[in-house]
Amino acid sequence: MAKERPNEPSVTPKVVREHGLNEQEYDLILDIMRRAPNLLELGIFSVMWSEHCSYKSSKKWLKTLPTKGPQVIKGPGENAGVIDIGEGLAAIFKMESHNHPSFIEPYQGAATGVGGILRDVFTMGARPVANLNALRFGSPDHPKTRHLVAGVVAGIGGYGNCVGVPTVGGEVNFDSSYNGNILVNAMTVGIAPADRIFYSAAAGVGKPVVYVGSKTGRDGIHGATMASAEFDEDSDEKRPTVQVGDPFTEKLLIEACLELMATDAIVGIQDMGAAGLTSSSFEMASKGGSGVELELDKVPCREDGMTPYEMMLSESQERMLMVLQPGKEDLARGIFEKWDLDFAVIGHLTDSGRMVLKMHGEVVGDLPIDPLAEASPEYDRPWQPTPPLDDVDPAGFTPSVAPAEALKRLMATPDLCSKRWVWEQYDHMVMADTVARPGGDAAVVRIHGSNRGLAMASDCTPRYCKADPARGGAQAVAESWRNLTAVGARPLAVTDNMNFGNPERPEIMGQFVGCIAGMKAACEALDYPVVSGNVSLYNETNGQAILPTPVIGGVGLIDDLDRIAGAAFAAADETIVLIGETKGHLGASLYLRDIEGASESAPPPVDLAVERRNGDFVRGRIHAGAVTACHDLSDGGLAVALAEMALAGGCGADIAEAAAAVDNPPLPAWLFGEDQARYLVTTKTADALLAAAGEAAVPARVLGRTGGESLILAAGMAISLAELRAGHEGWLPGYMDR
Amino acid sequence: MKARVHVTLKNGVLDPQGKAIEHALVSLGFDGIDDVRQGKVIEFSLTESDPAKARANVEAMCEKLLANTVIENYAIELDA
Amino acid sequence: MKARVHVTLKNGVLDPQGKAIEHALVSLGFDGIDDVRQGKVIEFSLTESDPAKARANVEAMCEKLLANTVIENYAIELDA
Amino acid sequence: MKAAVIVFPGSNCDRDVQVALEQAMGRHATGGEPLMVWHKDRYFDKVDLIVLPGGFSYGDYLRCGAMAANSPVMKEVVARAAKGVAVLGICNGFQMLTETGLLPGALMRNADLRFVCRDVTIKVETGQNLFTANYAQGDAIRVPVAHHDGNYFADDDELAGLEDRDQIAFRYCAPDGAVTPEANPNGSQRNIAGVYNETKTVLGLMPHPERLADPKLGGIDGRPFFDGLVEALS
Ligand SMILES: Nc1ncnc2c1ncn2[C@@H]1O[C@H](COP(=O)(O)OP(=O)(O)O)[C@@H](O)[C@H]1O
Ligand SMILES: [Mg+2]
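Residue numbers (the working numbering), protein chains in the order written: chain A, 1 to 738; chain B, 1 to 80; chain C, 1 to 80; chain D, 1 to 234.
Bear in mind the hints are in silico, worked out from the structure with no lab data behind them. You may find that some hints are simply not true.
Claimed, not checked - Okay, derived cross-link-like pairs now, DSS-like style, lysine-lysine, Cα gap no bigger than 25 Å in a straight line:
id, chain 1, residue 1, chain 2, residue 2
1, C, Lys64, C, Lys10
2, A, Lys215, B, Lys64
3, C, Lys2, B, Lys40
4, A, Lys583, A, Lys74
5, B, Lys40, C, Lys40
6, D, Lys46, D, Lys75
7, A, Lys144, B, Lys64
8, D, Lys75, C, Lys64
9, D, Lys2, C, Lys64
10, C, Lys19, C, Lys53
11, C, Lys10, B, Lys2
12, A, Lys144, A, Lys520
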């Protein structure tokens, strides 16, 4: 059995606590081990059972999400989700958070977040074809915000640009609830031959376990446990766990792995993410139902005198673990040496069902695999439903500013302003397949060498989730589906990134439960299953939790790139048609929050049947070539969507006539209400479009015409595009250069 | 007076630049080199003439901007 | 022995990093600073023990790789 | 015509330029496809055009293009350039060409220190040579830039010499062709976006013509660049 190592702290209750394990968990460890664990073993338990790796608080609820469908090749449980995109290809994608590291060291934290999610995708045999990033920062006037925005954006760009994967989409929001806990959620989409997907499960006694990539250093030891611990003032002390990314090595790793994957040498492969060598070797062995023996002295190390504990818990980046077919070692070594990457056989599979760790021939750790994996704690944490808020009666309030002024201001708010400053720091065109660049509803990336494409977007409206978690969860899924639909794509599946506060607080757990319920309903109603995801809890500082933020990353398929739509007005003198019903729902709207400064109220209801009916209709019209531009309505409602289409196309619009006919709801609610399931389209053939809508029982009405240099919202209510653009494009650069 | 700030990566922090430089030097046939690390030097002139005040000032600059103390150390040189 | 190579921009070569740092320092409220320049330091250890040989070696490294002599000067420090 | 694209560790626009060239060759009688050459291969077939693609060779650590400039294959590239073989360096390739000394000057960090990826307009300063055969002098074309270090620097004598010898290939300009400070995305001296060697057989430019040579990607102003090359070299 494994003895304690000389001059290594022995396992005291204090040490146990420092490893983030409570007493019950430690008792469980004693049962499983049938003896006291040594420090190495304790460390392994602590990372394997950390919230980050074990999902102990969220598992129960995640299981309720729909994950199946004819398009799903592999749902949650692997490194990333896999869906069938036809013609023998699969799309592989996932979103993952790097929130805490990015708050502590924005550049490296965000950069390594991108690196990690890229590995999750190419581990499965896919060439990454696009990255997205969903960012949430604190209030713009918080002293840290500017520095965090600059660092995070530079880090995402620094890594993604270097590896040569285009960053094509994402979102950026600001809210004071993120002051102490920013959110950096990175998503990667890759494409692989559907019959050559690689999994982590590895079986076969004696098969070699191989380490490739960068050397192991003392990086991020306990990063995984840190990522699951609530922040407090002394978080600064946790700083040394931040790691530095090496995108160049990542690029070599991508090429080398894909080259090796073209052969039949690999049995199983797994990236070393959080909890590095520990979780990767555990995953492979437990999924394969086998045991594993590692000789730690063979692990390529960056520093001298590294202990087994450090090697097993290190989170050094750009490393992978593989199990090879016996006899293929030299073939594999040849490929990795060609790419100047480390390659080492560090152990082999056994049938013992145990993980045996040796150093200089001596056993330094010995743990049972299945018990540890199965016994990994699962909590049914107490939760409290979020009390519902009141609706806002559109007729019942008097606006404080004229609509034109309100629109001008809204377009220049931190949440609605153009994010060009961000995405122009990302290479969004490398690989020469970016058909729709950042700035529209969804990015469109061509499937290389074909006339088909993938559409992708990330969405969440945290203020809705705070006000009504179930509605908010459903709305996030619906908006994602709508964004893909608006470019003409068939939405196929989603990945999610659940960012919440401390789950040990019932009201926070209630938010989580509510959001999941809403997501579940929407994913089912829209045949839009969840194939991968990630959970980030404890996003709070000194009891101040973030807004519940379940980010949805959606992927859709475009069968014909000649049948897509963009959000930009295509030409003057086209008819603008509003699809969907406008009740003027002002509750939880940006208009109320940013213009009227009103307190929280109920978010818009989400009627999923209507969502689907309207979306299917719009997509059909796009495919029929009947619309010249399309944009979904979301934050800021009708007026903002109209303004975005006008600015994108450099062409104005006049909706005065339609506005004049509006009496219920009153004009401001009609212009700025955030009723769901709506789209704006332009067309040259309005009558045919309206007729088709009538047949499909889809509400549609003519709003006005495109043209001119300004937006005419109502008689005598015109705003020049130049003025709108100045505010819309100006806010973020102005803020960052201040 | 003149200030010179040396910013170097903390021990144990990965230095991809240094690693790449080492690799390049070796492949250029320079052998017998090891532990290549890359750092920064920031030089500037100060009107402040009191050495103590100047040092305090420059330290503040390092903490606030010049060094990323999460992963970097800094050293200050002053000469009148 | 240890080698330390300082790589600095030649006079007359504009230094975007230096300018940006200067601007940032000023906007952080540090005044009385001027001519901010940023350079690189590359440190490594050498097995070569003969100082003359070592210097010649490191000079070759600078000329070939470590410095771009179109825009940069270099200075070599050796200590056994 | 025969073309080779050199692939360095960290190159990431190698496939993009390969596709653009292949399509240009396809549009032209010659057909064929470019040869992809791994940087460790010191020798490769005789070709009429050598392309150094964009990307982050060796991570662009130390200095952009510095390590690639010292990689084995580069000796061969320099030797062939001396014999008059056409050499094209795009973005990172341009940085390599200045690092090898095949082209004058240096590419420094963008003036605002930020990576910039967007379409720019560049003015064709010298028409009717190998690389601009299908453009007219003064044409303003739209092509993307995507770089962190595209801030062209050369000392005043060098710049004067470049102007006299007509070695400035492209300048950043406004859509109407006016060369203005606003149109300069990175602080390059005299808005320089690309330069030639004295014989105009070696060209380096920061913008990526290969990224706008396909209508699906939103423009084809980069297409004549490759068509012209293929025609001129066939
Ligand atoms: N961090 C980012 N990275 C890349 N693109 C971004 C980022 N933030 C916003 N964008 C882009 O800006 C556009 C507007 O974003 P958003 O308002 O969230 O769109 P929508 O309202 O349609 O969800 C989208 O095309 C989005 O991809
Ligand atoms: Mg949208």
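Now the hints, each set against the structure:
Distance check on the hinted pair: Lys64 (chain C) and Lys10 (chain C) sit about 17 Å apart at the alpha-carbon level, within 25 Å; holds. Of the supplied pair hints, the one linking Lys215 (chain A) and Lys64 (chain B) is violated, its CA atoms being roughly 32 Å apart against a limit of 25 Å. For the given pair, Lys2 (chain C) sits about 17 Å from Lys40 (chain B) by alpha-carbon distance, which is consistent with the 25 Å threshold. At roughly 40 Å between alpha-carbon atoms, Lys583 (chain A) and Lys74 (chain A) are farther apart than 25 Å, so this suggested pair is violated.
For the proposed pair Lys40 (chain B) and Lys40 (chain C), the alpha carbon gap of about 5 Å is at most 25 Å, so the pair holds. For the suggested pair Lys46 (chain D) and Lys75 (chain D), the alpha carbons sit about 15 Å apart, so the restraint of at most 25 Å is met. A distance of roughly 12 Å separates the Cα atoms of Lys144 (chain A) and Lys64 (chain B); the hinted pair therefore holds under the 25 Å criterion. Only pairs whose Cα atoms come within 25 Å are accepted, and Lys75 (chain D) paired with Lys64 (chain C) is accepted, the gap being roughly 13 Å.
Of the supplied pair hints, the one linking Lys2 (chain D) and Lys64 (chain C) is violated, its CA atoms being roughly 31 Å apart against a limit of 25 Å. Under the criterion of a C-alpha separation no larger than 25 Å, the hint pairing Lys19 (chain C) with Lys53 (chain C) is inconsistent with the structure, at around 38 Å. The straight-line distance between the Cα atoms of Lys10 (chain C) and Lys2 (chain B) is roughly 18 Å, inside the 25 Å bound, and the hint therefore holds. Distance restraint check for Lys144 (chain A) and Lys520 (chain A): the Cα-Cα separation of roughly 36 Å exceeds the 25 Å cut-off, and the hinted pair is therefore not satisfied.
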